[in-house]
Amino acid sequence: MAVSYYPGCSLHAMASEYDESLRAVCEALDVELAELADWNCCGASSAHFVDDELAIRLPARNMAIADRAGNDLLIPCSACFLRLKYADKELRSDPARWIDGPYRGETTIYHVNEFFDRPALMASIAARVERPLAGLAGVAYYGCMSQRPPKITDAPSPENPVSMDHLLRAIGMEVRPWSYKTDCCGASLTLTRPDVIHKLSGDLFEAAREAGAECLVTDCPMCQSNLDTRQAEIEARRGTRYDLPVFYVTELMALSFGDGRTARWWKKHFVDPVPLLRSKGLAGAE
Amino acid sequence: MAETRQVTNGKVGAVLVVGAGIGGMQAALDLANAGFHVTLVEETTAIGGRMAQLDKTFPTNDCSMCTISPKLIEVDKHLNVDVVTGADVVGAEGEAGDFRVKVLKRPRFVDLDKCNACGDCIEKCPVAVPSEFDEGTMDRKAIFKRYPQAIPGSMAISKADRPPCVLSCPAHVNCQGYIALIGERKFAEAYALIRERNPFPAACGRICHHPCESQCNRRELDEAVAVNPLKRFVADWVAQRRAAGDDPAPPPVGEIDPSKPRVAVIGGGPAGLTAARDLALRGYPVTLFEAHDKLGGAMRLGVPGYRLPDAMLDRDIADVLAAGFEVKTGKALGRDFTLDGLKEEGYRAAFLSIGCTRPAPLARSTDGSEMRGIDLEGVLPGLDFLRDVKLGKAPGLRGKTVVIGGGNVAIDVAMTAKRQGADSVEIVCLESRDAMPAHAWEIRDAEEEGIVLNPGWGPKEILGTGGKATGITLQRCVRVFDDQGRFAPEFSGEVSETAADRVIIAIGQRSDFSFLAAADPLWDESKRFIRADRRTLQTNVDWIFAGGDMATGPASVVEAVAHGHEAAESIDRFLRGEDLAAGRPTWDATPAPAPAREFPLKDRAVPERLPLDRRAGFAEIEQTLDEESAVAEARRCLACGICSECGQCVAACGAGAIVHDMLPEEVTLEVGSIVLAPGFQPFDPLQRGEYGYGRCQNVVTSLEFERILSASGPYQGHVLRPSDRNEPKRVAWIQCVGSRDAQTGNEYCSGVCCMYAVKEAIMAVDHVPGLEATIFYNDLRAYGKGFEAYYEGAKTKYGVRFHRGIISAVKERQQTKNLVLAYVADDGEATEEEFDLVVLSVGLRPSASTARLAETLGVAVDRFGFCRTDALAPSRTSREGIFVAGAFAAPMDIPETVMTASGAAAMAGELLHEARGTRIREKSYPEERDVGGEPPRVGVFVCRCGTNIARTVEVGDVVEYAQSLPNVVYAEENLYTCSTDTQTRITRTILEHHLNRVVVASCTPRTHEPLFQETLREAGLNKHLFEMANIRDQCSWVHFNQPEQATSKAKDLVRMAVARAATLRPFQDVLLDVDQRAIVLGAGLAGLTAAVSLAEQGFDVSLLERDAEPGGIARQIRHTLQGPDPRQHLEELIRRVDESPRVKLYTGATLDDFSGHVGKFKATIRQGDRITEVGGGAVVVATGGAPYEPQEYGYGQSDRVITQLELEARLADPGFAEGLREVVMIQCVGSREPERPYCSRVCCQEAVKNSLAIKQANPDARVFVLFRDVRTYGFDELHYQRAREAGVIFLRFEPESKPVVEFAGGLTVRVVDDVLRRPVELRPDLVVLSAAIRPDPQAEAVSHALKVPLNADGFFLEAHMKLRPLDFPTDGIFLAGLAHAPKSMAESISQALGAAARAATVLSKPVMYRSGVISEVDPAHCAACLTCVRLCPYDVPTVGENGVAYIEPASCQGCGVCAAACPRKAIVTRHYRDDQMIAKVDVLFGDVRFEAACPAVAQAGGKQ
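Those protein sequences? They're chains A and B, same order as listed.
Residue numbering for the first sequence follows our numbering, starting at 1 and increasing by one per position.
Residue numbering for the second sequence follows our numbering, starting at 1 and increasing by one per position.
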């Protein structure tokens, strides 16, 4: 299976472990990732706040490339995903306004969880699991941008997404139920309003702990970096220890597949996941 | 009244009512009582609808079930209402007055006429599914009664399509059925059920390839149910019991009929044994021939002992042999006997099932040449090897064994070779590992034991030295099958070699056809096979049938079993000369999907396996599940087919009422009109995911909470929360879930949720003292009659907290499962609060089946799916002759549903009045026998009620005891006394034994007394000579664990009943002449509408109006919010009254005097000096209301402060609105105030209407509406939304800080805005007051004249706020319009029509019967003390000129209050005379000197 791949800037920099683990997982599952040729910025976080026109044009160009490539498109970054979904909707209704030439509109845009949570891939995932992550309890945290607004994201169950729960269960993890799957972590204010982050992310840590989770799992690079990098500071302010590693779902999938490269990803985490994994007998192999 | 067919103008005097909720039932009863035949079609299995699901009803807190249940019985017993449940309307042709409607009755699988509702089947049924009636809060069985009081009381069975396990099983063993039974620990029953279709439970439980599991729907969830291990478990369980000397499942034994034709079965494998058994069970003399010494075929000789020990097979075969057929072992076809010989011996049919016993030879090398080395020592066929091992003849092995072949046999051979001593075993096969024909689990077993797989190779040559095999040359196989799927292996050049001391070839097997001569007619054209018909298994030779492996090639045991069954069926048909193929069941149906609901994940039970180090010899590898694991595993079954057809109900039913093969039935009904009352379905809260419904256990819907409150609900009426069954202490209601909600497209207000939430909160507090109830709401819409007071009471008496504001999300705490709600507190701060339970007040919407109904009938619906109607013709649909009632028209509560139902009945009555009485059924009875002077001869019938009574009460003892009682001349017991055949029996017994009193000891008179009274009438006895003893509900059910005492109590109850029976006296119902005309008081909108409708229904009407002109307050209404012109409508009504020859309008008329009773009222009218007397059998009170003249806000001080009605008048001038700059409207002026504590209901709509009118004429005008709650219920919410969109500004104020209107310095309105929390100053040019509606000033006078009551607010009080909203306690007098309470024009019209329909039930016949159970005064004893006059709740007794009390028989309700209170005992209530009651007490207490204890009673008793 071949699929177009739009990594966006995050996965080329800050979230390189997401990129690497995603590539590792795809390789294991015989999914061929074809990075979009000459892709450009999706416009998230700045363009779409300041210029309505640019907010569509930037992602539209990427969609036009993907459209020509013909395959479905996998976008691991939630912000990119949302921007390109917007553009796709616009292009489907009025392509001539945005691009030269036709727009076939046959490309389905997938975010990571929804991409893997399909019967054929789930079957191969189940078959590929070598080290079920038994005993590791976590919560699936989807964040907001891959789900809302549903008329753009086409999320099947935006208030209670389940795709990551399925994935984590398939690799043997204990997925704890909680009500905060899509509550905002505040990532977009991480630089401007740390006080808001302290409240929003802090509440998430509290809820995760209350739910009996030992870690959080996400497929959004903004959420991951926000929850990971701000955790110590929130702990200090709240006078408590959460010690909740924040994983990318693909990292854990690769771990369960017995991938030997995980250790280098753990090094990029602020909250060191190794002690937790070691306590579950999941860190010794590499 | 035998009305003959009259001129009907081609109209049919019958009506179809669709939907049997409270609306449908009311419409049906009104129509049937007005002379029309009614068919009441209901989608579910019982009538009662949503109301039956409710716990209590607002605002009276009456028990919903208690209120509705008499209605259910009335519908059930009505001679002219046919109830059709489980049915849908699927088509309607024709036109108004003459429709032909197709109704599809879905099978109930229970015969309604035979089922006596004893419920014995329910206990036996092993399948539980969520109860629809209980909204899934508890389970019911697959055979069920929708709810305990359901009508019809008969059970019904739910079935989906057949489950995939049953469909995929070649023998169609009822997997779901036996799994369900295992889940209920009914192991013997499970075993018997398996054995019906599979005679080898122990063997198949071990070796079946179980296609059932690979199709199991549970795989979608986690893993397939372990069907096969469960089968093995029950087989072994039964074996254990048998070993202990107890046989819980004795095998079926055939009754062989020697006169039947003889049948030969050749081959004692699974197919042959199955066929022989089936035929023996059908009575045929069967002989089975087997070539070997022992039976079992491939099961015995082809399956290694570590998979199937011989002892297990022997058990199964012993059961099969019990069927009773002859067995001849050691007899091989062709060797010891021939088919021709059998024929000569007299066998008339033969079943050939000789299996595939010849190994396929390895004939060719991979290069296509003849295989080399095949004859070397050490090369042997796999099948022979396995057989020899089984027979103890196989050689021990040493060194390395290579097995050629990739199928099951190859694996068996390899693992057996290991057990025979081979040091190493290798399997070589052509296929790749994934494509090997052996099952994956078999391959895994082999690998586990260290057997080496070498797939993808073909044998080129077997190598050897000295005549002994030493190895094999192999060639790489690249493809096994060609594109057409034919076996055509292709090889590459790659070659390898493997050493081998033994080579065992297991590449297939064939049948041994050596018994056939070359020219035998049995051969097919190829001369290689015997061809048998796939369906019937008949061969070329008609009397010979062939099946099992010889027909299919090597296959599985269960397929052979399937063939055995089919062969037996075919042979049976053949011998009876029937068509072999016709009507045989097909099994290629679509399997049922997994039930669409959540199931918890649960691991599959895995049987223990023998550890590798203990696998020496042929000990079984896989073990049997233990009992607990088996039961737990069985409970993983999703019961996809719902009913499993396990047959337990059939066995339990004493009445033979279960019909599993019942088919759907379509009927065509001829009706003149159709009334649609399909009701609503609650909004599905999964659409509002943020509330966590479906995820958080303690988030429930309001309807689920009704069930939680209900005594018949999941917690028997204790308020508990689902997660931990603890009492919740903090409960929140979230309003408007799926209402007023643009996101889900339900923008309308559901109208009822505020009130039911208030009620639920009150009931919750009532159930759990100290419970804190909080209602989060938008606007609290307590707009109905009595609602505002109820709402206030919730706050003040029950401490219910009301918080304005809608919750955005519900979060669950994982440790406690408590729920966290975030909201803005009164101080404006964001607040989080934790609750134990959250109730979602879900809205109302039409169901999917209602959408289909509307489409089928061509009835237009609006964008929400509600029936499209006109605001001023609220019952009319878009198709003429079809009318609508209840919540399909708009969201509405119970009384409004009842009113609209009566209204729809009136419309149908208008349409069909010419055909009234033409389709009704009447019953005639034999003349009543005069029993006066006869000594009492009592017959007693004691019911067993299946086992309901009999299992607790010794019924035989009770009968014997009854026979010993005085006056009893006959007593018997019945299985079901209520069954139709018992009624015939009772009738016969009455005649034979000359009985003059009958006692039935059974269930409750509430449902069954009318039935038995009917039987008495049919036997020529007066129906009052009947008495009932309730020995079920009040005895066997409540004392189920005290059988002795229960029996003794049953005797007491029977003794009491017999004693009273002896005192019973015959009397007749009261016959009244009916004056078939009506009197309508008031000619406003309601009165005019009622009068016109009554005239259209064919009745003369006297219409009285106080004013000089008809029209009333409606004259002041100039436009409606919905569009239609009210003035035009009113003029049209007045014109119709003027032109109607049937209506006589008296204007300027006052009521001087009023008298009479139902059927005959008289009113004296004064018009100036003119006095007129008018008569009628029924009266409609439509005397209207009046606008309140405000005292507040400076009304009257300035012409710039006016009322909404005055504004409406001014707006008639188109220029008026254009001149307005700013308008302030103030709501609740005179309403919701201490002196008028009710909501005037229409003022919010008025304000919205007039605001919109202003905005439309002058968009720049600013309009402010100062309100407390905006109560635009139902679709008026859409207009409220429109007003906001148009820029009308709504500001909320608290009653404590009302707006202030000041005139000094220009008109100023000051108000504290609730949202901004700061004062606002407005400077309008006009202040408009939404003034209350108050009762008509003369209501009190009318109330006195008619002796009908008013409520505390001064409006007329109906007989019952829920179910009799249009009736007065006094029969024959009805109520409509503002006289009842404030309401809109549409509601007045609907009510007026309803009142007309209610009146028509009285007027439709020239005579009427009323119950003869009434009170009578003995004038000789009456002291005229007026006690009865004061106490009668119906104001019936009067003291007339002769100085004694008189009770009008036509008016008396027979309640007995007067008789109980009369100090002189001058009043008796028929049928409940003192002697009749004391007789019971006397015999209950035996010789206790009752007289001494209570001389007054003794005296009275003695007198009678």
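Derived by calculation from the structure, the hints in this document are not laboratory data.
C-beta: ideal position from N, C-alpha, C; glycine also.
A hint or two may mislead.
Stated by the list, open to error - With the Cβ distance kept under 7 angstroms, some of the chain A side facing chain B (calculated, not the full set):
1) Pro156
2) Asn160
3) Ser179
4) Asp203
5) Glu206
To be verified - A few chain B positions that, by computed beta-carbon distances, are all more than 12 angstroms from chain A:
6) Val84
7) Asp222
8) Arg387
9) Arg635
10) Arg688
11) Tyr691
12) Gly692
13) Ala809
14) Lys811
15) Arg813
16) His994
17) Thr1120
18) Glu1192
19) Gly1412
20) Ala1423
21) Val1444
Said to hold, decoys possible - Far from chain A, by Cβ distances over 10 angstroms, these chain B residues were calculated:
22) Arg106
23) Ala582
24) Trp587
25) Glu812
26) Gln814
27) Gln815
28) Ser849
29) Gln1122
Structure-based check of each hint:
1. Pro156: Hint violated; Pro156(A) Cβ to chain B Cβ min 11 angstroms, cut 7 angstroms.
2. Asn160: Result: holds, 5 angstroms to nearest chain B Cβ.
3. Ser179: holds (4 angstroms)
4. Asp203: This interface hint is violated because 10 angstroms lies over the 7 angstroms limit.
5. Glu206: Violated, because the Cβ-Cβ distance from Glu206(A) to chain B comes to roughly 11 angstroms (cut-off 7 angstroms).
6. Val84: Given a closest Cβ separation of 40 angstroms, the condition holds.
7. Asp222: violated (10 angstroms)
8. Arg387: About 38 angstroms separates Arg387(B) from the closest Cβ of chain A, which puts it past 12 angstroms; holds.
9. Arg635: holds (22 angstroms)
10. Arg688: Arg688(B) not clear of chain A: closest Cβ-Cβ about 8 angstroms, inside 12 angstroms.
11. Tyr691: violated (8 angstroms)
12. Gly692: violated (6 angstroms)
13. Ala809: violated (8 angstroms)
14. Lys811: Not fine: 4 angstroms to the nearest Cβ puts Lys811(B) too close to chain A.
15. Arg813: violated (6 angstroms)
16. His994: holds (74 angstroms)
17. Thr1120: holds (36 angstroms)
18. Glu1192: Given that every Cβ of chain A is farther than 12 angstroms from that of Glu1192(B), nearest at about 47 angstroms, it holds.
19. Gly1412: At roughly 63 angstroms from the nearest Cβ of chain A, Gly1412(B) sits farther out than 12 angstroms, so the non-interface label holds.
20. Ala1423: holds (74 angstroms)
21. Val1444: Label holds. Min Cβ-Cβ 75 angstroms, cutoff 12 angstroms.
22. Arg106: With a cut-off of 10 angstroms, Arg106(B) remains clear of chain A, as the shortest Cβ separation is near 33 angstroms.
23. Ala582: Check passes; 42 angstroms lies beyond 10 angstroms.
24. Trp587: holds (27 angstroms)
25. Glu812: violated (5 angstroms)
26. Gln814: With a cut-off of 10 angstroms, Gln814(B) comes too close to chain A, as the shortest Cβ separation is near 4 angstroms.
27. Gln815: Violated, since 6 angstroms does not exceed 10 angstroms.
28. Ser849: holds (26 angstroms)
29. Gln1122: Non-interface label stands for Gln1122(B): nearest chain A Cβ at 32 angstroms, farther than 10 angstroms.
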